[in-house]
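Q: Residue strings, one per chain:
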Amino acid sequence: MTTAPAMLAPPEAVPQDRMSNGKIGVTCMIISEIAFFGTIIAAYLFYIGRDINGPYPQDVLEVSVAPLKVLFNSIFLLISSVWIWLAIRSMRAGRMGAFIFWWALTVICGAVFLVGTGFEWYGMIVDDGVWMGTNLFGTCFYTLVGFHAFHVTMGLIVLTLILVLALLGHVSPRNIEKVDLVSWYWHFVDGIWIVVFFVVYVFGNQPIQ
Amino acid sequence: MVQMCGCVGWLAGLPLGSTAAGATLPAAPTPSMFDPVGEPAAVILDITWLLIGICGAIGLIMLCLIGFAVLRCRRKEGDHREPAQVYGSNPIELAWTVVPLMIVFVLFMVSARGIFDLEKTSPPEGSLEVTVTGHRWWWEFDYEGLGIVTAGELHVPIDDDGPADLYLTLKSADVAHSFWVPQFGGKMDVIPDRVNHLWLQVDRPGVFVGQCAEYCGNQHANMLITVIVEPRAEFDAWVAAQQREAVEDPAVAAGKRLFLRTSCINCHTVRGTVANGTFAPDLTHLMSRSTIGSGVVPNTPENLREWVWDPQLVKPGCEMPSMKLSRDEVDLVCSWLETLK
Amino acid sequence: MSVLQKPAGPPAATGPVPFLSRMHEWVTTVDHKKLGTMYVTCGIVYLIIAGLEATMMRWQLAWPGQEVLSPEEFNRLFTMHGTTMVFFVGMPILLGAANVLIPLMIGARDLAFPRLNAFGFWLFFFGSLLLYFSYFGGQGLYGMGSAPDVGWFAYAPLTERTFSRGHSTDYWILGIFVAGIGSTATGINFIATILGMRCKGMTLMKMPLLAWIMLIDSVLIVVALPPLAAGQIMLLFDRLLGAHFFDAQAGGSALLWQNIFWFFGHPEVYILILPGFAFVTEIIPVFSRKVIFGYPLMVAATVAIGFISVGVWAHHMFAVGLSPMLNAIFMGSTMLVGVPTGIKMFNWVATMIGGKIRFETPMLYSTGFLCQFLLGGLTGIFLATVPFDWQVSDSYFVVGHFHYVLFGGLVFAIFAAVYYWFPKVTGRLLNERLGKWQFWLLLIGFNLTFGPMHVSGMLGMPRRIYTYHLDRGWEFWNLLSSIGVIIQLVGFSLFAWNVLHSLFKGRIAGDDPWDAWTLEWSTTSPPPAHNFDEDPVVHSRRPLWDLKHPDDPDWKYE
Ligand code: HEA
Ligand code: HEA
Ligand code: CUA
Ligand SMILES: [Cu+2]
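Residue numbers (the working numbering), protein chains in the order written: chain U, 1 to 209; chain V, 1 to 341; chain E, 1 to 558.
Hints were generated in silico from the structure; no laboratory data involved.
Glycine included, every Cβ here is placed at the ideal spot set by N, Cα and C.
Keep in mind that a hint or two might mislead.
To be verified - Pair ranges (Cβ atoms, derived):
#1 V:Ile92 with E:Lys548: 23 to 33 angstroms
#2 E:Thr162 with U:Val202: 28 to 38 angstroms
#3 U:Ser172 with E:Thr162: 53 to 63 angstroms
#4 U:Lys178 with V:Val106: 18 to 28 angstroms
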């Protein structure tokens, strides 16, 4: 083919400033997770106060004491978001030692949260006798909190894996993007917990009118 | 694939085309929404004509445009030049955004009025109130004011002075069903955790049919509704008969004893006896019904015997088991059932 | 010269490759073209399976009181037919076509995450096997096994343990759930690919419309499938762990399931039809020899459809007794979808008018699509009108409506796409003559089958009934429907023969058999594993047009 006449020279083709595939992918994954949790949360809200037999949330979640216990628990999870943020910052700055420290702290806090949830469930199942089939409250509670805990567990597994790799020296500042994406996921898990907390322990725990 | 041969038989006998079922049911017109017998159905029909007009016109115009393109814009043989490239036109595109918007707006306003007119939250003055309960797979009609409970067939009175209102309260005993008699008006679902209401109207006597319209399992197809609209006098007579307790006929006492000894009583009610089950149709006035099994077969002595012998042959999959009575016992029970006028 | 270099073509074959290693290659592949082909092939196989299921149903319904099938068998058949058609025909074919086309059209080497792509395919594949395995394992220990019989939208509480014993419903849940995760992953993959991997010069507004539509489609997949997954998990907990989400006896709500399902279900039907739109949007301009009319408005309409379609779900629930206000609101939003859809219709027709149309098979199917989708869309507006819907909801009118959009729309668009892109994927053309025969047979058979359903619906015939009485006056219309299926059967058989035959004996296509304009036609047919030898650079929406008409390139007008 001949070269086009000069006056028809095409406009400069701009190279597409490529957004990072990984970032788009993880963002979309988080959106789909939000849609998933949104549905379960909607079901939870829908069923608040519709139980036809006890024990009711008020009996089990113990209006005065438990929120403190759960709050204590939650603080560990929420603060871990700060630790992981610090870890990423250290990694950006190339301080791998600091990275490992903050990362490990994140893992510990996440684990404490899980253990706390375990104790809470133990109490509810053994002492209060509430399980999935007991009533609507049990159904919704274990599904919602359970799925959140499941996500925390998955996150912890990945975090631990990275920690081990980092300790073995296989993680370097070059891997920042991937590690950063893991931290996005962790922030998401934390963010969802704030919503779950308000739904389950605040709205869902009002005294019966 | 049980009875492939059934179909071969059909292929061979196509012109005959008659299966026993339904042959002697009371004659009812096709449940067509184009043949309304009351205001709700008529209002809906008006909206339907409007829809047919508007959408028909849109469809026709579009088909003409497509037809024009197909017939007139073909490539001619040997023509290898490309046509003029038209990239778009703002005014034209604006036009076909705004015009449909306006059409949609008109349609919306008209139908929204229809919704608010038809969806009544309280019964109109003087209407007959009936609580309808959907069961798998039969309908229970409870005339609360009159103390009558019946199954499968709904009786509605009509006076000379104009249409009669009917206000149904809809409940479900198990899964979701839907109450639909097209000639009276739209359908309304019957949902276990809800109580719904439906306003219908009838303006002439006759027999009208409909059926359950929400899939509810095996026998969904045979969850039929028969509505008998009759003059006030006939209705009153029917009410008076229904309000009586079961007939006591010493000639068939043996059949009754057998019935009461069998577990029939766990599911069925016969007022005036110890049978008070609510799982199944009330049999107190079984003989006043023209069909059994919610309309599957006409209520004839043979069909009744067949039913009590093994309901699964008549309505395969229905919730009444074969009671494993002997033929004699079936006769005995049925001779008593046949006195339940 | 041009930036669009043709690759040297596939490497010359060196002797026949042993069967096992060829299979091994297909099973382990992460190549988007291979995976796409596998998706589409599976989809077409399921189309035939589900079509045969429908044929049996029509046989049973051809005449009142037939006993071809028992009620249980009939109920399983329509459940499996609907479920298969939606999840294992529509979804894989559209995901597969997008798989093949997106990277080729935007000038990329592959999808953003090739291994995730393979993962998605295998999830779909095993999910579908799981569903069909229910025919053997459905009842658990209670006998021969059976498929689910709860309908494709599986309304609670019919799906609860009380009413659905055995495990057939569990298979329904798990099969769809697994496949759904795969589809979500693939949707994410598409978004990342379209946003992140376009070639040099291809700004968002220079993308082929197919890429735009698939972008919106993928967004819908990502927001609509997870709610279904959540709902299914709740149902599974009800069935296996004794939870009470949808158990009316314990305060659970049947309506909650309906809301969750249709919140997924309505976007799902748009997820299915949007790729159909995408195919005809690419095909109509090429065969009309004209640029698509109103590109920016097409993009806007697609976005609008995406937005509106997540806010209309309650139009499937007009008969459940919502308040008049809610009914009116959802009626309004539903009717509103007609406007952007109409814009698309008008733009397609405007593209044709003034063109020089060549009626080769892809264009024939596209024209069929236009007419039939128009009718299906208009009956959709009928249904959106609440008072009318109160009459015909859950009747055969609805069955007529959705076959006009799904078969008359989607399947016709799929055939258009198959005839159009088959040469690109295989290097050989499908037979035109057989294709035209198939088109006319399907057109007639289709309308004969599904046209009368509108009538029988308005005459009071509910859907999902395995039999009906003679006195209802529906037998004539049902007989017509059933006769139509026979004609369709012939049409489908022609297609099966055409594909098998052309695969080996078809005419060699060459790189650009249709004289088309988008990037995929600039590489060889079939394309090499790396798609393009040199990264393409584009200056307009129709890079090959620019190349073929250097004196009058597109970028002057955009
Ligand atoms: C490909 C799938 C697809 C598509 C694209 C559509 C498109 C539409 N559908 Fe359909 N629908 C289904 C698949 C689809 N549907 C299925 C599967 C069901 C049944 C599910 C089940 O119960 O099993 C269903 C059921 C269904 C119902 C519920 C019926 C019931 O169960 O009671 C309703 C009600 O509103 C509805 C409406 C619409 C509307 C308004 C559109 C619109 O998007 C149509 C828009 C198109 C046009 C209007 C035509 C072109 C426009 C113009 C020419 C412009 C001018 C027009 C106007 C101004 C009006 N559909
Ligand atoms: C893409 C979607 C799609 C498609 C294409 C079809 C295609 C067909 N459907 Fe579909 N249908 C649905 C989606 C679809 N359907 C859905 C979602 C439902 C709702 C289900 C529910 O209620 O839960 C439904 C329900 C439904 C019903 C209602 C059932 C009921 O409510 O009782 C009926 C009844 O007639 C029906 C009939 C048909 C027929 C006759 C075809 C025909 O067009 C099929 C034609 C195909 C063939 C005839 C196959 C050809 C096979 C060969 C040629 C084999 C040869 C092969 C080799 C030799 C290798 N369908
Ligand atoms: Cu009751 Cu269908
Ligand atoms: Cu819809």
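Q: Now tell me if each hint is right for this structure.
A: Each hint, compared with the structure:
1. Checked against the given bound of 23 to 33 angstroms, the beta carbons of Ile92 (chain V) and Lys548 (chain E), roughly 28 angstroms apart, stay inside it.
2. Between Thr162 (chain E) and Val202 (chain U), the C-beta spacing of about 35 angstroms keeps the proposed range 28 to 38 angstroms intact.
3. Separated by about 58 angstroms at the C-beta atoms, Ser172 (chain U) and Thr162 (chain E) satisfy the suggested range of 53 to 63 angstroms.
4. In this structure, Lys178 (chain U) and Val106 (chain V) break the distance hint of 18 to 28 angstroms, their C-beta atoms being roughly 56 angstroms apart.
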